[in-house]
Amino acid sequence: MAVRVQQDDFDVGAESRALQGPAVGAIALFVGTVRSLSEDDSVTAMTLEHYPGMTEAEISRIEDEARARWPLLGVTVVHRVGRLLAGEQIVLVAVSSAHRQAAFDAAQYMMDFLKTDAPFWKAEERGDQLSWVEARQSDNDAHAKWTQE
Amino acid sequence: MSDEMINVLYFAWMREHTGTASEQIALPDGAQTVGDLMPTLMARSAGHALALKNMAAVRVAINRSHGGLKTPVAAGDEIAFFPPVTGG
Chain G
1 MAVRVQQDDF DVGAESRALQ GPAVGAIALF VGTVRSLSED DSVTAMTLEH
51 YPGMTEAEIS RIEDEARARW PLLGVTVVHR VGRLLAGEQI VLVAVSSAHR
101 QAAFDAAQYM MDFLKTDAPF WKAEERGDQL SWVEARQSDN DAHAKWTQE
Chain R
1001 MSDEMINVLY FAWMREHTGT ASEQIALPDG AQTVGDLMPT LMARSAGHAL
1051 ALKNMAAVRV AINRSHGGLK TPVAAGDEIA FFPPVTGG
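Line by line, the protein sequences are chains G and R. Note that our numbering numbers the first sequence so that position 28 is 28, with each residue one more than the last. To get our numbering, take the position in the second sequence, counting from 1, and add 1000.
Bear in mind the hints are in silico, worked out from the structure with no lab data behind them. Do not take every clue at face value.
Unchecked claim - Restraint-style ranges between C-beta atoms, simulated for each label pair:
1. G:P22 x R:Q1032: 53 to 61 Å
2. G:Q137 x R:G1035: 33 to 41 Å
3. G:A18 x R:I1025: 43 to 51 Å
4. R:I1025 x G:S131: 26 to 34 Å
5. G:R126 x R:Q1032: 43 to 51 Å
6. R:G1019 x G:A26: 47 to 55 Å
7. G:A98 x R:A1046: 57 to 65 Å
8. G:S16 x R:A1049: 45 to 53 Å
9. R:A1056 x G:G87: 43 to 51 Å
10. G:R4 x R:N1007: 24 to 32 Å
11. R:M1005 x G:G13: 43 to 51 Å
12. G:Q89 x R:G1076: 37 to 45 Å
Said to hold, decoys possible - Listed below are several chain R residues computed to face chain G (Cβ distance under 8 Å; list not exhaustive):
13. A1012
14. W1013
15. R1064
16. H1066
17. G1067
18. A1080
19. F1082
20. P1083
21. P1084
A quick note: this is a predicted structure, and the numbers were derived from the prediction, not measured. Glycine residues also receive a C-beta, built at the ideal position from the N, C-alpha and C atoms.
Next up, chain G with everything else stripped away, as it sits in the complex (with noise of 0.2 Å):
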């Protein structure tokens, strides 16, 4: 189990590798980023900020609900907090299973839980003016659906 939290870019090759082993025939990857186009505006660059031991513990516990429904041999969350460019890697989640289809899922799972669970806030920066990102029903209509089934 890893859970970072970090202003530092990450490696996803390195981090990949990190979770190859001989019972694993299966790494899900998924990388979120910047977008500049946001609403029809340009966007510069976001400050993300989070709540320090709440967020970890979120993460842990969003882990945990995963290992339960799915087999998975490896995990690792990592998402970067301060301020960074537009088309910068934000957030990365891993998971490594024997067989595709739990690895999928479980990725997916768990950026659907981070996305509503996890304490970040994003503040975009357009020009010199910095706004509070708004939440999005999407994202709460993607966390239901793991709980309709």
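Dock chain R against the given chain G, drawing on the hints supplied.
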């Protein structure tokens, strides 16, 4: 008169409105839930009143777990108020 304290945290635009990231306050006499804290918190400043006026737009965590206005509070608790999260 109660001298039992709680720690109250604010994040994102709630921190900007209240002008503080964290403050120690005395647990109001008789307060049993997060909802019971609201009059005391809103009375602290105009910024607090603005930040906390629409609790439907605010999320609450008690001791770093998601909760709500009906979640019990006790001396020594850490109560956080924040907007719906936007990470990932």
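**Prompt:** At the C-beta level, are G:R126 and R:Q1032 separated by a distance inside 43 to 51 Å?
**Reply:** 44 Å, holds
**Request:** Could you check the hint for me, namely that G:R4 and R:N1007 are 24 to 32 Å apart, CB to CB?
**Result:** Since G:R4 and R:N1007 have Cβ atoms about 26 Å apart, the given range 24 to 32 Å holds.
**Distance restraint hint 47 to 55 Å, applied to the beta-carbon atoms of R:G1019 and G:A26** = Roughly 49 Å apart at Cβ, these two residues keep to the hinted range, so it holds.
**Request:** Starting from the range 43 to 51 Å, see whether the pair R:M1005 and G:G13 falls in it by beta-carbon distance.
**Result:** 48 Å, holds
**Request:** Using the beta carbons of G:S16 and R:A1049, state whether their distance is inside 45 to 53 Å or not.
**Result:** 49 Å, holds
**G:A98 versus R:A1046 beta-carbon gap, inside 57 to 65 Å or not** = 58 Å, holds
**Message:** Min Cβ distance, R:G1067 to chain G: is it shorter than 8 Å?
**Reply:** Violated - the Cβ of R:G1067 stays beyond 8 Å from chain G, reaching only about 11 Å at its closest.
**Prompt:** Once the shortest beta carbon distance from R:H1066 to chain G is found, is it less than 8 Å?
**Reply:** 7 Å, holds
**Prompt:** Does the Cβ-Cβ separation between G:A18 and R:I1025 fall within 43 to 51 Å?
**Reply:** 44 Å Cβ-Cβ, so the 43 to 51 Å window holds.
**Request:** May I ask you to test the interface hint for R:R1064 with respect to chain G, counting a Cβ-Cβ separation under 8 Å as satisfied?
**Result:** For R:R1064, the interface hint holds, since the closest Cβ of chain G sits about 4 Å away, which is under 8 Å.
**Request:** May I ask you to test the interface hint for R:P1083 with respect to chain G, counting a Cβ-Cβ separation under 8 Å as satisfied?
**Result:** 7 Å, holds
**Asked** Does the CB of R:F1082 sit less than 8 Å away from some CB of chain G?
**Response** 6 Å, holds
The structure fails hints 2, 9, 17 (numbered hints given earlier, in ascending order).
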